[in-house]
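Participant: Here is what each chain is made of, one letter per residue.
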Amino acid sequence: MVDLTTNFAGIELASPVLLASGTCGYGRELEPFLDLDAIGGIVTKTITPEPRSGNEPPRIVETPAGMLNAIGLQNPGLEGFIRDKWPYLAELNTVVVVNIAAPTAELHGEMAASLDRLEGIAGLEINISSPNMRDGGMLFGCSARASAAVVEAVRRSTDLPVIAKLTPNVTDIAEIARAVEGAGAHGISLINTLVGMAVDIETRRPVLANVTGGLSGPAIRPVALAMVWKVRQAVSVPIMGIGGIASADDALQFLLAGASAVQIGTATFTNPMVGVTVVEGIRAYCERHGVSPASALVGSLQL
Amino acid sequence: MKSVGPSPKDVEARICWTVELAEKTYLTRLEADHVAQALPGQFLQLCVRADFSPLLRLPLSVCAADPATGTVDVAYEDVGPKTHILSRLPSGSQVGCMGPLGNYFPDPVRILDSARLPDTNKGAVLLVGGGVGMPPLLFYGSRVLSRDPQAEVCLLAGARTAAKHFPDAVMAGSASRYRRATDDGTSGHAGLVTDLLKEELAKAAAVTVYTCGPVGMMAAVATICRDSQVPCLASLEEYMACGFGVCVGCVVELAAQAQVPGQDHTPYTRYSRVCVDGPVYDTSQIQWA
Numbered sequence: 001m002v003d004l005t006t007n008f009a010g011i012e013l014a015s016p017v018l019l020a021s022g023t024c025g026y027g028r029e030l031e032p033f034l035d036l037d038a039i040g041g042i043v044t045k046t047i048t049p050e051p052r053s054g055n056e057p058p059r060i061v062e063t064p065a066g067m068l069n070a071i072g073l074q075n076p077g078l079e080g081f082i083r084d085k086w087p088y089l090a091e092l093n094t095v096v097v098v099n100i101a102a103p104t105a106e107l108h109g110e111m112a113a114s115l116d117r118l119e120g121i122a123g124l125e126i127n128i129s130s131p132n133m134r135d136g137g138m139l140f141g142c143s144a145r146a147s148a149a150v151v152e153a154v155r156r157s158t159d160l161p162v163i164a165k166l167t168p169n170v171t172d173i174a175e176i177a178r179a180v181e182g183a184g185a186h187g188i189s190l191i192n193t194l195v196g197m198a199v200d201i202e203t204r205r206p207v208l209a210n211v212t213g214g215l216s217g218p219a220i221r222p223v224a225l226a227m228v229w230k231v232r233q234a235v236s237v238p239i240m241g242i243g244g245i246a247s248a249d250d251a252l253q254f255l256l257a258g259a260s261a262v263q264i265g266t267a268t269f270t271n272p273m274v275g276v277t278v279v280e281g282i283r284a285y286c287e288r289h290g291v292s293p294a295s296a297l298v299g300s301l302q303l
Numbered sequence: 001m002k003s004v005g006p007s008p009k010d011v012e013a014r015i016c017w018t019v020e021l022a023e024k025t026y027l028t029r030l031e032a033d034h035v036a037q038a039l040p041g042q043f044l045q046l047c048v049r050a051d052f053s054p055l056l057r058l059p060l061s062v063c064a065a066d067p068a069t070g071t072v073d074v075a076y077e078d079v080g081p082k083t084h085i086l087s088r089l090p091s092g093s094q095v096g097c098m099g100p101l102g103n104y105f106p107d108p109v110r111i112l113d114s115a116r117l118p119d120t121n122k123g124a125v126l127l128v129g130g131g132v133g134m135p136p137l138l139f140y141g142s143r144v145l146s147r148d149p150q151a152e153v154c155l156l157a158g159a160r161t162a163a164k165h166f167p168d169a170v171m172a173g174s175a176s177r178y179r180r181a182t183d184d185g186t187s188g189h190a191g192l193v194t195d196l197l198k199e200e201l202a203k204a205a206a207v208t209v210y211t212c213g214p215v216g217m218m219a220a221v222a223t224i225c226r227d228s229q230v231p232c233l234a235s236l237e238e239y240m241a242c243g244f245g246v247c248v249g250c251v252v253e254l255a256a257q258a259q260v261p262g263q264d265h266t267p268y269t270r271y272s273r274v275c276v277d278g279p280v281y282d283t284s285q286i287q288w289a
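Listed in order, the protein sequences are those of chains A and B. With the first letter of the first sequence counted as 1, position 111 gets the number 111 in our numbering; the numbers rise by one all the way through. With the first letter of the second sequence counted as 1, position 100 gets the number 100 in our numbering; the numbers rise by one all the way through.
There is no bait here: all hints are sound.
From the structure, some residues in chain A lie toward chain B, with a derived Cβ separation under 7 Å: (1) CYS24; (2) GLY25; (3) PRO32; (4) SER53; (5) GLY54; (6) PRO57; (7) ARG59; (8) ILE60; (9) ILE71; (10) GLN74; (11) PRO76; (12) PHE269; (13) THR270.
Note that these hints are calculated values from the structure, not bench results. The structure presented is a predicted model; accordingly, all values stated were derived computationally and were not measured. Just so it is clear, CB atoms sit at the ideal spot from N, CA and C, and this is done for glycine as well.
Please put together the full structure from these sequences, using the hints given.
Facilitator: Here is the structure:
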């Protein structure tokens with residue numbers, strides 16, 4: 001019997017596999033396909049202080065081994081989330097981490113204070129990495145100082161575990177990781193999408209109305225893995241590995257490289273049951289290799 | 001519109017056969033037990049390659065479904081890598097098949113969401129299709145006729161040229177009467193299918209219009225119906241990633257007055273997810289331009 005449980009930054013996970021923000025909605029959408037309690041947890045789609053319409057369509061386009069998206073954080077806002085989305089999430093046994101974004105550090109703090117009162121919320125993930133937010137997201141995440149300011153504001157407002165989600169669109173992700181750790185982040189998740197673009201050569205126009213979008217899917221997996229490895233050397237807080245994970249084999253690469261848990265993103269779009277497949281695949285690997293707990297794999301990369 | 005149809009599942013489907021219906025346009029029959037409960041307007045997400053390469057699934061409207069035999073038909077034009085692969089898979093091949101997805105045209109007898117839908121029990125059914133927008137209309141027409149063989153179902157089909165039109169045998173199974181239009185005049189009316197719509201509306205008493213096709217055509221149909229005060233439902237097609245509501249990629253802008261009746265309008269309700277809130281919309285709900 002393999003022990004898959006892990007404690008990530010104070011959050012007790014039944015397994016080290018979560019569904020990434022923006023790819024599992026607010027949980028309910030996956031109900032026909034997947035028992036959410038069979039995976040470690042979910043991270044909600046980003047919520048912002050006020051409701052947002054998101055970007056004009058087209059918002060997505062497929063690219064080699066991946067896709068570009070420029071959804072633009074369409075969400076019901078903090079109040080709408082608590083009123084309409086949280087009651088369903090609160091009933092789940094699985095861990096629910098709420099992802100937040102805001103235009104200022106102070107507003108991040110105010111959101112954290114409101115969410116702190118929700119019964120059953122496991123933690124907060126701060127989206128300082130969306131490439132599709134003109135008034136926040138990656139604008140914070142590209143600066144070590146601004147990233148730290150957001151994390152500090154959130155930490156002052158809540159005792160919940162705080163995870164900072166980092167962007168790969170930076171010169172040195174280790175510098176940002178050290179800054180958010182220094183500001184009190186309990187954990188770090190990486191990577192958000194890479195900025196990308198596609199052009200329709202017949203119309204000579206960008207395919208996405210937003211011109212650029214965020215690249216996700218298997219195409220970015222090696223980049224994500226290398227960044228997890230790099231950040232592992234730079235900080236001591238736990239890391240959630242994200243980026244193109246579509247199988248247990250992929251997830252195991254991240255665990256070995258130093259991620260304490262992983263998030264599955266785009267793969268859910270094509271196979272909504274993939275989360276469970278990954279959990280079972282990690283279990284089978286551990287049985288085959290006589291490993292238990294599975295957390296013993298974390299960072300066990302042989303150099 | 002609310003969807004209260006069969007819950008979707010992701011199943012392994014088997015390809016029974018594929019035939020060429022029109023130039024580069026194919027009809028494929030799949031054996032897919034649960035998915036065969038699909039209703040007109042609903043769609044499937046097919047995984048045509050087991051290794052998910054290309055990555056995203058292929059969303060296709062259901063053209064016919066028979067719960068008794070567990071089969072479901074899709075009709076599509078070979079326009080990209082996924083439709084090309086599907087059109088060439090041999091009989092007996094397995095494909096991943098998620099569905100039925102989305103909402104559907106109202107049941108011809110039982111109105112499911114009467115608060116937001118026109119009364120479709122009244123009068124004739126007028127189907128207006130363009131290009132490969134035909135499948136949901138063919139499905140709906142055949143369902144209406146199977147419920148009531150005396151029903152008046154008129155199908156107006158537009159295409160670029162004669163070679164692109166679906167054959168008579170397919171049209172006749174879904175309509176009591178059908179008319180064609182082609183851009184180049186090679187079959188039927190030389191001109192737009194909306195010309196035929198205007199003619200039909202001029203002589204019809206009570207009618208409900210159902211449309212599917214290129215967005216420009218649907219917008220024109222919506223305008224004509226609005227001006228004639230005729231109810232009109234459209235099945236929209238959008239570029240999709242997931243097909244079940246999580247990615248929020250396949251959105252359509254709603255007309256201001258259509259945003260969630262009874263609730264405050266917020267920016268959140270400006271764009272509607274075609275995969276789960278649609279693909280069938282009352283055309284007066286859509287911000288067409």
